[in-house]
Amino acid sequence: MSSAPSSALPRGAAPRSSLAREFLLEQVPLIAGALLLGVIAAYAQHGFLPGGERAFPVAEVRVPVWHLIWMGVWTGYTMAVVGEAAGIFALPYSMSILQFVNPSVTPSTQLLTFLNPFGALLGFRRSGQWNLRFAAAVCVGGALGGLIGPFLRSGLLAAADVFHVAVGIALAIAGVHLCYAAYRAPAKRIPVAGDAYREKVSIQARVSGWRVLVSFREQSWDLNMLALFGVGAGVGMFAAALGVGGGFLLVPIFASLYGLPMYVLVAATIPYVIVLSAVGLFTYNVVLPAFGSPAIAPEWAWGFFAAAGGIFGSWAASKTQMYVPEHFLKLMLGGVTGIVGTLYIINFFYPLPFKL
Amino acid sequence: MKDAAIKLWWKVIPYMPFIVLFIAVLVAVYHVRFYR
Chain A
1 MSSAPSSALP RGAAPRSSLA REFLLEQVPL IAGALLLGVI AAYAQHGFLP
51 GGERAFPVAE VRVPVWHLIW MGVWTGYTMA VVGEAAGIFA LPYSMSILQF
101 VNPSVTPSTQ LLTFLNPFGA LLGFRRSGQW NLRFAAAVCV GGALGGLIGP
151 FLRSGLLAAA DVFHVAVGIA LAIAGVHLCY AAYRAPAKRI PVAGDAYREK
201 VSIQARVSGW RVLVSFREQS WDLNMLALFG VGAGVGMFAA ALGVGGGFLL
251 VPIFASLYGL PMYVLVAATI PYVIVLSAVG LFTYNVVLPA FGSPAIAPEW
301 AWGFFAAAGG IFGSWAASKT QMYVPEHFLK LMLGGVTGIV GTLYIINFFY
351 PLPFKL
Chain B
1 MKDAAIKLWW KVIPYMPFIV LFIAVLVAVY HVRFYR
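Residue numbers (this note's numbering), protein chains in the order written: chain A, 1 to 356; chain B, 1 to 36.
Source of the hints: derived by calculation from the structure; they are not laboratory data. Source: prediction; values computed, not measured. Using N, Cα and C, we set each Cβ at its ideal position, and we do this for glycine too. Nothing false has been slipped in among the hints.
Covered stretches of chain A (in silico footprint by chain B; criterion: 3 or more residues with CB under 8 Å from a CB of chain B, positions within the stretch not fixed):
(1) 69 to 81
(2) 92 to 99
(3) 317 to 325
Build the full structure now, drawing on both the sequences and the hints.
The structure is reproduced here in structure tokens:
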């Protein structure tokens with residue numbers, strides 16, 4: 001942002017050299033690392049690289065590696081543009097299009113939701129949208145939810161049809177939230193040079209007893225940490241049981257109940273998704289067997305390949321979000337998500353004539 | 001030429017999510033047709 005933008009760039013756009021530099025120094029290592037981990041995980045878990053020719057043994061589906069990377073790119077990109085995470089789209093896509101229907105789909109998607117926000121985390125930390133005192137209570141709640149959720153998945157939600165209904169409910173909630181956000185948002189957001197996203201800001205938080213006072217510029221919010229913990233635990237339990245990050249519930253709760261703006265709430269929701277997903281993955285692999293339930297192993301390579309695409313997709317979204325018609329996109333994605341969720345729920349009660 | 005390409009790029013960006021979604025639908029159809 002230091003040099004003058006080219007005459008061809010719209011107002012507020014970052015110069016290409018700084019974008020390329022940021023991409024090469026921060027994103028390429030993350031993407032390459034995820035791809036490399038995907039290959040290593042495939043050989044370590046199966047002794048070969050699955051793909052279009054040989055099925056992924058845990059997922060029991062044939063799908064080319066490029067398709068998994070692409071799934072990460074498009075789900076990460078489109079959902080990040082509207083302020084959501086890739087998991088809530090990648091999960092039904094994996095289940096209905098790729099036919100990854102066994103319980104391992106949950107931790108495999110959870111691996112995607114764990115790695116996907118790291119690119120965004122780096123960006124938000126650099127812009128000052130970062131405060132661990134603010135994030136702590138909800139993250140501890142998320143950790144508790146991440147410990148309980150996998151037990152729900154291996155018990156209450158073990159049957160494929162019941163799990164589909166739970167995913168359907170989550171999708172319906174996400175769909176309603178997106179449509180509502182589209183209804184409330186202005187038709188077109190005009191980029192402003194002094195926008196909170198584009199300049200260094202600082203989110204402050206002061207802990208006093210069980211309360212935390214979060215402040216940003218002249219605004220402040222007095223939040224009860226026990227309530228934050230409870231919200232984090234409740235959302236985390238449901239999200240870890242499905243294998244998503246929980247942003248689809250946490251963002252609307254923070255925005256509507258607490259009135260927190262997007263650029264403040266991300267300071268808590270991004271670390272929350274990472275903590276919840278990490279604890280969820282740990283529980284699926286280690287805690288479940290320790291308590292006598294069989295472990296639900298993820299298809300590690302699946303998650304890493306999808307995450308490689310997701311990191312790129314969400315980064316690309318963060319750079320272009322200002323220039324897309326968010327209003328119409330939210331309405332469209334919300335509509336699609338809501339319809340798919342409703343079909344999942346209907347299919348449980350009245351089997352549909354097509355496979356979901 | 002270069003400036004024209006950049007201008008075109010900024011014109012395309014607003015439609016990018018829809019282009020991405022359209023390609024996603026094509027890829028999904030391709031997968032259902034050839035891999036399932």
